[in-house]
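Number of protein chains: 2
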Amino acid sequence: MKHFFKALTVALISLLLTCVVMSDAMAQQTLSDVKKNRGLNDEDVLAAAKTFMPRGGRDEYFAFVGSGNSGTMIVYGLPSMRIYKYVGVFSPEPWQGYGFDDESTLMLKKGSLDNTLLKYGDMRFPALSETGGKYDGKYLFYSDGANSRIALLGLDDFETKQVLMHPLFINAFPGVAVSQGTEFVFQTSEFPTPWDHREANVIADYETKFKSGITAWKFEDTDEAAGSGHHIGRMIKEASFTLELPPFVLDFFDAGKLESNGLLIGLASYQNQNYVYVYDYLKAQNLQMYTENDFAVVPFKEAVNAGAIALIPLDQAAKSVKVDPSGKYFITAANTAQVFDFVKVKNALAQKTFSFSNVLGAPQINPADVLHGELNLGSKVIDLAFDYRPNVVYASVYDDQKLVRWNYETLAVEQSLDLSFKPGHLMTPQGNSIEPHSNYLTVVNKEGVYENAINTGPTRPGYQHLIDISSDKMRDIYTMSIPQANIYGSVSVLRTTIKPIIRYPLGTNTRTGEISRFKTVAGQEKIEREGNRVHIFGTLIRSHITPEIVEVEEGDVVTFHLTNLERAEDETHGFTVSTYGVHGSFEPGKTASLTFTADRAGVFPYYCTEFCSALHLEMEGILLIRPKGYVVTEEDLKEEVLTAEQLAEYKKNYEDKIQVINETQDVINSVVTFLKENDYAKYPYVEALVVDALDQMELAKTAKANYERYAAEGKWKDAFLWAEQYWQYQVKTADVGLRAKKLLSEQINK
Amino acid sequence: MKHFFKALTVALISLLLTCVVMSDAMAQQTLSDVKKNRGLNDEDVLAAAKTFMPRGGRDEYFAFVGSGNSGTMIVYGLPSMRIYKYVGVFSPEPWQGYGFDDESTLMLKKGSLDNTLLKYGDMRFPALSETGGKYDGKYLFYSDGANSRIALLGLDDFETKQVLMHPLFINAFPGVAVSQGTEFVFQTSEFPTPWDHREANVIADYETKFKSGITAWKFEDTDEAAGSGHHIGRMIKEASFTLELPPFVLDFFDAGKLESNGLLIGLASYQNQNYVYVYDYLKAQNLQMYTENDFAVVPFKEAVNAGAIALIPLDQAAKSVKVDPSGKYFITAANTAQVFDFVKVKNALAQKTFSFSNVLGAPQINPADVLHGELNLGSKVIDLAFDYRPNVVYASVYDDQKLVRWNYETLAVEQSLDLSFKPGHLMTPQGNSIEPHSNYLTVVNKEGVYENAINTGPTRPGYQHLIDISSDKMRDIYTMSIPQANIYGSVSVLRTTIKPIIRYPLGTNTRTGEISRFKTVAGQEKIEREGNRVHIFGTLIRSHITPEIVEVEEGDVVTFHLTNLERAEDETHGFTVSTYGVHGSFEPGKTASLTFTADRAGVFPYYCTEFCSALHLEMEGILLIRPKGYVVTEEDLKEEVLTAEQLAEYKKNYEDKIQVINETQDVINSVVTFLKENDYAKYPYVEALVVDALDQMELAKTAKANYERYAAEGKWKDAFLWAEQYWQYQVKTADVGLRAKKLLSEQINK
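Residue numbers (our numbering), protein chains in the order written: chain H, 1 to 750; chain P, 1 to 750.
Just chain H, with the same shape it has in the complex:
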C-alpha cells in the first residue's frame, strides 16, 4: 500500500512534466499525441524527421570543428549533429593516452619549445587536404594560435601524426588554409613579435624589431603503405618558407583555387587601417631568401619588388575573407561586403600598379581597380559560406541576428532568415572545396543564452545550429550543444570520401606509421633488464595481459611496450598501472610504450581499461615493486600447493569446460560448412570476418596444446585455466563466424 502511494506521488510529479504515462492505452504512441505532449508543431516534426538518425543509420558527412581552446579536435556528423570523437591534437588527452604513451609524447615534445610538453592549444579554423581543389579525405590540419604550432592529422585513423612549432612566430593566427593540391599548408602570425624571441621595447622598437609573417609549410604526401590504407604524409620544415612582413596584426586568410591558385589572400591591420593582403607564394618561393633560426625567410622588400605581395585598403574592418568556389572572386565579411575580382588583382600585381603612400613601405592597390562590387548586409557580418548554386553566398550578421543568402555576381539579396541568436561562423558541407554542397549550413550560436541555453552553471556549452538550405526557404532545424569547445569554423566532407582503416598492421607505431621495434607477438613476451632500466615486451588480447606478473625494484625506470594482438573490429584495449597515472589506448595492431619511474615500493594492479568483452575484468596483472636492495628469499619462490579437495574441484571444472568446448566446436563447424557451401570468399566484407575468425583459432592452438599437456600431467588448475582460455578464443570465433553467416545470408537473399 505504501508502495502504491509512492508510485502515485511519483506519477503526479511526472504528470507535471507532461510526458509520462502509465499504460499503453494512455501512451504517446500516435504522432499527434507526441506533438501535443511535447509542444511540437508541424515544422518541428519535419525538422525532427530531417535530422533523426535511425538505428544503424550513417550520417552523410563528417564535420571537424575548430574547437577553440581545448586543443582537441571534435568530429560530428551531419545531419544528425551527433558528436563521434574527441581527438587530442595540441593538448594531452587521457582516454586515448595522447601525451601519455612515449610515442605521442615524443611527437608532442618535438613540436614544443625546448622539448617541453605543452598542454594547451587554441585551434579555430581547420583545413582538409585537397587534390585538384576537391577534398580527398586524407588529412586535416590545425594551427595553434596560442603557441604557434601546426598539426597534421591522418583521417585513416583519426590520429594526430605531426606537430611542429613555428621557428619564428610566438603566436599564430589559429587557422590554416591549403593550396588546391595540398602542396602547401599556410599559417600566419597573429600579433607581431620580435623573431629572435628576445626582448624588445614595446613602443620604441615596434616598427623595427616586431614582425609578422606568412609561412608556406611544404607538404608531401606518400602512397599508402602497401595494403594498410595508412597514409604517412608529412610537412617538411626544410622545404618550407616564411614571407617577412611589417608588424601587421594578421587575421583570417584563404587560399586561391582554380584560376586564382597560387595566391593567398588575408586580412591585416596596422594602426587604425584595415587591409586585404594578396600574396603570390608561387612567385615568392623562387626569390632570394635568408635564414633565421634555421628557417628560410623571403625578405619583404624582395617580395614587393617582385610583385609577390600587395595590400588593398578596406573602408571597413572585415571579420573574414573567403575565395569563392570558382576561384574567380574573393569576398570580405564586412557590413558592406566587398567582392574583389582575382583577374584584376593579378593584373595589378603583375603590372605593379602600386602606390606607396601609406605605412612601412607596403605597396597598395587602389580598391577601385580591383573591386567587382559591394553589398550592404547589416551590422557586424561575421562569416561567409558558399554552396553549389552559381554565385550564391551566405552571410551571418551578428547584431541583426540573421542569415543572408545573396548573389555576389548580381549583388542582390535572395533571402534572409531571422535567427533566435547572434550567429558566428558558417559551414556548408564540402564548403571550402571547389564542390560545395547545398543541403545544410551550420551556424555557430555566439550569444543567445537567455533564449537557448540550458543552465549548466556559470559556463555553458557552445551551440551549433543546423540550417536546412535545400530549398528557397532556409530553416533552422536543429540545435546541438558542442561541449568542451569554444566553437569557431568547421569543415565538413562526405563521409564516404574518408576511408578509415579498421586495424593496423601488427606492431604499428601509429604516430610514424612504421612497424615499431617494440612489436611483440604472442609467445615472445619477455622482460629485459639492464641496470635500473626494465623493458617489458607484452601483449594484449582478450582476455589476458601477458605477462601477468612483473617484478621490479624501487627506483627502476620501467617501460611497458605493449602490442594489441587483436584483428577484430573495434577491439581496443586500455592499460593503466594503479597510482602511477600512466595510461595507454591500444587499438588492434597498435604497439605503444609507457615509461615511468617505479619510485614507490608496493603491489600495484595493472589492468585493461577499455570494455573489450564480457570477460574484460580478467585482463589484469600485478606489478610488484620490491623495496630498494630487497633480496629474494626462498619463501618468495615457493609455489602454490593445492589441497586434494581443491584439485578435485579443478578437475571437475576442467571436464565441464571440455564438454562446453565440444559443443561450441559443433556450432563453429556448422557455420564453416555454411560459409564454404555459399562461396563466402566472393563477398569481401564476409571474407574479412572469416579471416578474423580463423586468426582467433590460430591463436587458440597454443592454448589447446597447453590444456592437453597440463591435463596429462594432472595439473588440473592449469589445465582448467588454459581450457578456459581456449574456449574464449572459440567463442570469439563462433561469434564472428555467426556474424559472417548472417551477412552472407543477407547478401544471398538480395
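Please keep in mind that the hints were generated in silico from the structure rather than gathered at the bench. Honestly, I wouldn't trust all of these hints.
The list treats identical chains as one, so a pair stands whether inside a single copy or across any two.
[As the list claims (entries may be wrong)] With a straight-line cut-off of 20 Å between C-alpha atoms, the simulated PhoX-like cross-links for lysine-lysine are: (1) K119 to K109; (2) K380 to K657; (3) K715 to K701; (4) K651 to K715; (5) K742 to K402; (6) K36 to K742; (7) K380 to K402; (8) K352 to K283; (9) K717 to K651; (10) K742 to K682; (11) K301 to K352; (12) K346 to K380; (13) K110 to K237; (14) K652 to K218.
Here the structure is a predicted model, which means the values were calculated and not measured.
Please arrange chain P on chain H, whose structure you already have, making use of the hints.
Chain P only, in chain H's frame:
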C-alpha cells in the same frame, strides 16, 4: 558556362546522396517526402518526435555518465541525449583550466600520492547526493578505480570541489554509493593489496598481507553561503572509517534505503566462489577501531563478532546487485537473478545465524534463509534498473541481446525487447533514488559495431540507446554516440532539481567556495615584486585585460591572479600566455591564479581565449620578459609621439564616438523609463537583469571621467580609447536592458 557545368556535376553527385534538391518545388518540405528520402518509417518519425528538442527547449533530465577511463564527467540531457558538458574530475582538462590554474592544481595534488599531479582516472558508477532517499541535486560523487581516489562535484556550478586519495587502498572499485541522507559516501577496494603500500610476496603472503576494505567517507553538507546558491559540503577524512576484509576481489555495491537504510550490500569473490556481502555500517561505526596511515579501521573480527558483516554465497557470478526503491529487496544481476529479502537478512545478522565452514573466517548466511525467490533471465545478465511501477525491474541480457522487464515480487517476466546490440549498464531517470521515473531507460551499447557504428578509425565512440518505457511496449527510440568515454553506469535527475548558479560572488575561489585573497576589483589592479617573485593582480571584463603590459625578468616566477568582473550570464573569459602553456577559464566572479616560470626572454602576447563579445579580439596584452640582468634605458621609457595629422584623426574619432554615445544613452533612457513604469522589481529575473545592467554602468563611470579629462587635456588618442571603452559598457547596458524590457513585456502580457 563552366561554372554552370560544375554546379551540374555537383548536383548530380548530390542527387546520388538522395537528399539534395534545387528549389522549393522539389524540396522535402512534406513529412512524407522526408520519410521517403531518408528511408524512415512511422516508428522512426515517432521516435524522432519523442527525442527532438525544439529550439530553446529544455531537457527534462540531466544525466551524468560514468565515463570510464577519461577521468572526466560527462553531462547529457534526456530525452534529447545531447551532451552538454565535459568536466575535469580526475584528470586535467585544458578548456576549463582544470589542473592548470593554481587552485584546481592544488586540489588535485592534495588528492594524489606524494603531492604529484595524477593525470588519469577510471570512473564508472557515479552517485548523486540524497536527502531522505530522494535526489537533492546538490552533489555528485565519483570513485577513481585506477588510483583509489574519490571526488566530490558541486552541481551548483558543475565543478569538482574535492579529490581525496584513499590512505589504504591502491586500487578501488570505480563506483560509489551514498546513504539515504548522504551522511556517508561508500567506496571499496577492488583488487586486494597490502595496506602498508610495501612489497609482499604475491603468492605466499596473499592471505595474510593482502586486504580488502569498505570505506564510509563521512560527508558533511553546509547551508549555502548566504545568497550565493553555492554549497560547500565536504568529505571529512578524520571522521571516516574503513572496514577491514580478507583478500576478496570486490565488485559492484549498493546502499540500503528506507527500511534497509544502514546496510550496504555488494559483490565479492574469493578463489572460485562468489558472494554478496552485507555490511551494517551503522553498527560498525561504534566498534573499537585501530589506526593505519592515520585512517580509522574496523578490524574484521570485531565486525564479525558484532554481527556487522556477513557473506551470502551465490551459485552464479553476478555482474551487479541493486537495492529496490522500497528498500525491501536486493537483487543480483545474474543469469538466474536472485531476489533477497532485507528483513530476513537483518534477522540473520542480528541473530548471527552464520556458518564458518568456508574461507578466511568469514561468516556465511545460508542463501535459503534470506531468499525471496529467483528467475532465469537468459545468458549474461549485466545490470538492473527500477522504475516507479511497483516491483518492476529491467534487466540487460548481454548474450541474448535483449531487455527484460519483470516483476520481482511475483517473479514473472512482463515483456522482453530484442535489441540490435549487446546491452550493458542501464539507467532510469531518478533511478537509484526512492522515486524512479518510468518514461525512459538508457542502455549502453557494449558491442554491436558491425550493425550500428560509423567507422571513425580503429577506435569507435561508445553508444548509449534511449528506450521508451512509458507504455507496455518498450521501444528503442534513439542512439547517441558518447565520445571520449568507455561508458558504464549513469545517474539522472530531474533538471529542475538542480539549481545551477549563474555567477559567483565577486572574487570567489571556486574550489573552496571562499573569497580569494587574490580578488581584484576594477581600478585596484597592480603588480607586486619581491625578489624573483612577481604577482600580477589583474581583471578581466569586456573588452580589456588589465594590466595590458607586464614586464618581468627572465627567471622570474610569475603569477597572474585574475578576477572576472562580469556579472552577466554566460560571460566567461579565458586567459593564456603564448608558448607558456598556461590556461585559465574565468566564469563571472571567479578569481584564479596562473603560475609559471618566465624562463625564456622575449615578447609574449596574452589574450582572452573565450569568445566573449564581438570585441573579443581586443582582450589582449603583452608580457615582456627582459633578459636576465637587463638594465632599463631612457629609450625604453620614451612615450609615443603623435603627428598633428594623427592627432586630428583621433580628435575626429573621439567626436564621432561621443555622438554615438549620446544616441546609445537615449536608448538606455527609454528602456529605463519603460522598466520603471512597469514595476520591473516585481519580477525577480527581470530585476536580476536590471542589476546586471546597472552594474555595467557603475563600472563605466571611471571610463567617462577618463575620457572627459583626456579630452580637456587635448590628449585625443587617450580620450578616444576611453570613450570607446565607455561605449562598450553602454552597449552592454543597453543590450541587457533591452532583454529585460522584452522579458517584462512578456510577463505583463501573460
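Quick rundown of the hints versus the structure:
1. K119 to K109: For K119 and K109, both the intra-copy (10 Å) and inter-copy (17 Å) Cα distances are at most 20 Å.
2. K380 to K657: Between copies only: 17 Å across, 73 Å inside.
3. K715 to K701: within (19 Å within a copy, 88 Å between copies)
4. K651 to K715: Answer is within: at 9 Å inside a copy they meet the 20 Å cutoff, but 96 Å across does not.
5. K742 to K402: between (51 Å within a copy, 18 Å between copies)
6. K36 to K742: Cα proximity of K36 and K742: none, with 41 Å in one copy and 27 Å across.
7. K380 to K402: within (11 Å within a copy, 54 Å between copies)
8. K352 to K283: within (14 Å within a copy, 92 Å between copies)
9. K717 to K651: Cα proximity of K717 and K651: one copy only (7 Å, versus 92 Å across).
10. K742 to K682: within (15 Å within a copy, 67 Å between copies)
11. K301 to K352: within (13 Å within a copy, 94 Å between copies)
12. K346 to K380: neither (29 Å within a copy, 70 Å between copies)
13. K110 to K237: within (12 Å within a copy, 43 Å between copies)
14. K652 to K218: Classified as neither; 67 Å inside a copy, 46 Å across copies.
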